[in-house]
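Okay, here's what each chain looks like letter by letter:
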Amino acid sequence: MIPFLLRRVVQSIPTLLLASVLIFFVIQLAPGDFLTPARLNPGISEQQLANLSQNFGLDRPVWQQYLLWMGNMLRGDFGLSFQYTQPVLDVIWPRIVNSVWLVLLYIVLFYAIAIPVGVFGAVKQNSVGDKAVNVVLYFLLGFPSFFLSLIVIYGILLLRNKTNIDIPLNGMTSDNFDSLNAVQKVLDVLKHLIIPALVLAVTDAAGLTRVIRGQMLEVMHADYIRTARAKGVSERTAIWKHTFRNAIVPIVAGIGGLLPAAVSGAGFAEVVFAYPGITPMLLTAINTSDLYLIAGFTVIVTILLIVGNALSDILLAVVDPRIKVG
Amino acid sequence: MKKALTLALALMGTSAFAAPFVYPAAWTAEQNTANKRGGEFRDYTISDFKTFNPFTSAEATSIPLTMGAGAGLFTQDPRNDEFIPKMADGPATVSNNGKRFVVKIRQGMKFSDGQEITADDWVTTFKIHTDDKVGSNSYDSFFLNDKPITVKKINTYTVQFDFPAVSATAYATMSYTPWPDHVFGAAYRSGGAEGVKKLWGLGTAPAQIVSPGMWVLSSYRAGERAVLSANKSYGDWNKDSRGQALPYLATYSYRIVADLNAALAAYLAGQLDAYGPRNADDLAQIKRAIDGGNLKAYLKANVSPQASSQWITFNWNKASDPAKQKLFRDVRFRRAMSHIANRQAMVQLALGGLGQETYFSTYPIFKNQIDAGLSAGAPQYKYDLAAAGKLLAQLGYTKKNSDGYLVDKAGKVLEFTLSTNAGNTTREQLGRIFADEAKKAGVKVNFTPIDFNTLVGQLTAKGENRPFDAILLGLSGGDNIWSFGSNVVPCGTNLHSYNNPTDGKCATSQEQLMTKLFYQGDAELNTAKRLAIGAQLMKAEGELQPVIYLVGGSYHVTYNERVGGEYPTNLQNSYYLSRDTALTFVK
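Note that the protein sequences, when read in sequence, are chains A and B. Each residue of the first sequence is one higher than the last, beginning at 1 in my numbering. Each residue of the second sequence is one higher than the last, beginning at 1 in my numbering.
What the hints contain is simulated information worked out from the structure, not anything from laboratory work.
Computed from the model, here is a short list of chain A residues facing chain B with C-beta under 7 Å:
no., residue
1, 31
2, 85
3, 171
Ideal placement from N, C-alpha and C gives every residue a C-beta, glycine not left out.
Whenever a hint applies, use it, and build me the whole structure from the sequences.
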């Protein structure tokens, strides 16, 4: 196991280096820089623009900017965000934490929906229930999550107008959050998280449900399951212990992607629900060409992707004894 | 009699202990006679706050700007635009031919942490803003035509400003917010610019933030909400006309929303106290909510013009295409283009009827200047395709080809490319209308919306061969004292968009005249004389038509009826906005 991990670490160095070059230069391909909008301000003189450009290091050639950035990063310094004039990590860290809460709840709900529904579909293949679930899932599969979010928001507004039930529409906390005690604070945040997490889980579950259903069906018709049944194991054991455990292998392989997904936020759902996660901030950073913020964040996600993949390799070995890590 | 006595006493007392600043009763349409106190004004902003540091902040809506509200040596009276002493104890003593201002500051003013506000705070603030390593957005406001202004401490309660030249905007320049010397001065002396930049990032505990103005930060949740509470020290030297401490409100909060649609939704749901309607659609939604009884709010459309401009500029530095350069430099061509601009259609179609036609760089909100220019005979080349045709015929464009486009003797079509920033739907419509009308007149306009950053790069490019034909864009910002752009009018400046050669020299005598008039007006202290100089500038600009001004949008006001204390209707406009938050109260 240890040689495997060491090998992974060594392999990741050139990968990261190449990724960092790509990240930095692809960002540079976009026209203009952080100061471009300022050039249209009648109140800012050329002298001032030159000062700022020098302050941000924008007056240097791109390769010099890259080397400087890379050098600092090796020392754990991701550079300063132009907009915030603060270290990149200080800026993105609170946002990442917010996103992680949302994504964790989403993942729990995602598996809590996808696994039972997928197993149900396989066990009751072609029943009315299976077909009904399939229709609904097909429908959801084609729905972008942000669009579903908008519909849900509209629904909540209607509900509020009719019944006065106060379901939070956006944000992560209520106006009176600061005056709540610890337990109330947790409940308050949960109240804000549940709708976006549920919307995301429902739209995404469709895909996984179908994978699980297919895998289960395949395994259920395998010889060893028939043998197990013939030996008289209960239906429950046959499904959950023998079939499900074997059907789950491709899902475990995908777990590696969860780690970077957790910090990359919940995408447009965060925007629609005005959730203070990483996505809205990243979009602003792209809009304002906040170079080091975008580059720093992308590097962190790349690192997590590499770590996540190593983790899922290890998990695979745990689930499937045929795969050996070494 | 009692009033006179109080006034006399107040005047006598100035040297010993300064009297507070009294907000004129005329600044509010609704007196807070019941002395209602407390409550929260719920505002919104569409982008997350980036810093609490007043020296590195560059946002339009920012925490330092909000905290510092109401703190400045002078403030402009919305009734007559005059500057009146605010943190200053009285009018400035002017000497050295109008270039030196000695200002006594009100005694007894305190920062939110209880420290006294003194001359040091102004001097330190000035020093940090003008250090180019800090990168302050206010850097330029301390320079006059590239020459620095200096700020000096005479004694604890006296500051001296020395201007390199006479300046009409001197009072605005001096009215910057003083930040605490005991925080920033100390950091600057020990750590220089870097020391200042490190202070007051988003991670700083609100309790450490110190404010001279109306508000002080009480909590901030990134991407969600900022809550500011009333600075108690502010009420010591700011009173309403009945002697009550200001502000009345206990809290001012910003909800950070994804975009203006989200803000509108929150306003309609009664979760915000004010909203800035953009267009007819917004107004209709708000009106429907009010009529339907779902929202108790005040709504007034077309309160005043916006303080911004939309225009088309032609590139005079096009060495790669001498024929086009000659064309763009010909005043008859540009006048023809102004005749082609169907501004009425632009107002109706692109602005939904909510706006006005514009012909000058001065924003229509600055009505005094516009009136002065028009009465001095500044020309307006209004929509008239026949007149445009005549001018183009003088340029040799008399024949049309089979497609209906004008051609010169060599058979070359009269055409140019017009760009604007993609995604700005209003500008895309303005450009489309212009191109359609141009086609009627036989001019082929290749209208192409492009990326904003690329566009700005083209517009601000310098040299003999700049990379565009014509650009449709807008500007905003500026004041109502001298309403011409210091970066726009003089030759060689950044946004002198039509002519920007390497040496920055003027190409025509009118440009020279405009440059001269700009500095002359900037240095004229007498309002009437300054308006007259502005009128001459507008006349030169109108005749030259270097930039074709198109239309301007309107400013609309709406706010929840639970809040009171707004300006009287006649004082509300896009420059002063709808209220002074010091006088705002929750009913």
